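Position chain A relative to chain X; hints supplied.
Letter by letter, the chains look like this.
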Amino acid sequence: MLALVVDDSLSIRLLLTRLLQSRLFQVEAVPGGLAALERLRRLPAPDLMVLDWNMPGMDGLEVLSQARAMPGLEKLCVMMATAETDLGQISAALEAGVDEYLMKPFDVHSLDEKLELLGFQVAATA
Amino acid sequence: MTVTAANLEETVRAVFHGAVRMDAAPAEAEPQAWKPWVTAYVTFNNPWHSRIQLDISLDLAAQLASALQRSPVPVSDPELWQDAAGEMANMLAGSLRPFIPQVLRYSVPRVVLGSGMAGRAVQGPSLDRTFLLGGHPMRVIVTDEGALDIPGLGPISIN
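Taken in sequence, the protein lines are chains X and A.
Everything in the first sequence is counted per the numbering used here, starting at 1 for the first residue and increasing by one.
Everything in the second sequence is counted per the numbering used here, starting at 1 for the first residue and increasing by one.
Hints were generated in silico from the structure; no laboratory data involved.
Just so you know, these numbers come straight off a predicted model, no measurement behind them.
Some hints could be false.
[To be verified] Distance ranges between label pairs, derived from CB positions: (1) Arg-68/X - Gly-135/A: 40 to 50 angstroms; (2) Arg-105/A - Leu-73/X: 19 to 29 angstroms; (3) Asp-112/X - Glu-28/A: 37 to 47 angstroms; (4) Arg-68/X - Leu-132/A: 23 to 33 angstroms.
[Stated by the list, open to error] If you want the footprint, here are the derived chain X segments under chain A, 3+ residues with CB under 8 angstroms: (5) 9 to 20; (6) 81 to 88.
Ideal placement from N, C-alpha and C gives every residue a C-beta, glycine not left out.
Excised from the complex, chain X in its bound form (with noise of 0.2 angstroms):
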């Protein structure tokens, strides 16, 4: 399983790239919109891709929107990692194709369960 992560911030790609690691993704970590949308056109396609929503340049919902254009990532999941917890926001981002929606700050137990809802079989390793 290949696991694309896109924040800005560094503490949060080094987090969820160990995190991820550790339930047995393979993980690339990107800090914005134009680097994910870079990769996305590459193979392989990632089955998974933690998107940050507020972003310096392109925020999450525009790398969304593009990504969910783009041939070849019809099974891509995307789950929203963000600091929103309006719940307006949180509907349009699920309006908008987002699989699922992490709140931070979150724990490892909030993303098993994003994980498992996504269809991810959770394996920790340590």
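Coordinates of chain A only, in the frame set by chain X:
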């Protein structure tokens, strides 16, 4: 709905406990000068230009960076210290957003380093609370820089 002292304190406690497993307790006394310091802030795009600001010492920023990474060893990269301060301000902004009216978006966090007394200049009505976190003082400010049409009139409720 407005930001009050009570919901600010509750939000700060919840965010820091959730993100870094540290308990933020309101402090009785104002913080003394510390140096060097880190200010991280996020601006809301509402008519009052509301802003959430976090003032912490560089020592606390380093501690937050380690805790955010769940790292048993101290994180030594100053870039990560600043990033952790910014990310904590970002999480506070996201959690406070429902209490702040007419917000469509908020900015990505900005981080400023300095020395001497902490804090950017604060204009307009503000809520200003000091906490103790991991033995360090932490100042959290929610401020309105002033309405465009009615200067000084904002959503902050001071009680």
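Hint check results:
1. Arg-68/X - Gly-135/A: 40 to 50 angstroms: Taking Cβ atoms as reference, Arg-68/X and Gly-135/A lie about 47 angstroms apart, which means the hint holds.
2. Arg-105/A - Leu-73/X: 19 to 29 angstroms: For Leu-73/X against Arg-105/A, whose Cβ atoms are near 26 angstroms apart, the range 19 to 29 angstroms holds.
3. Asp-112/X - Glu-28/A: 37 to 47 angstroms: holds (40 angstroms)
4. Arg-68/X - Leu-132/A: 23 to 33 angstroms: violated (46 angstroms)
5. 9 to 20: holds (count 7)
6. 81 to 88: This one holds; 6 residues, not fewer than the three required, reach chain A with a Cβ under 8 angstroms.
Violated hints amount to a single one, hint 4; each of the other numbered hints is respected by the structure.
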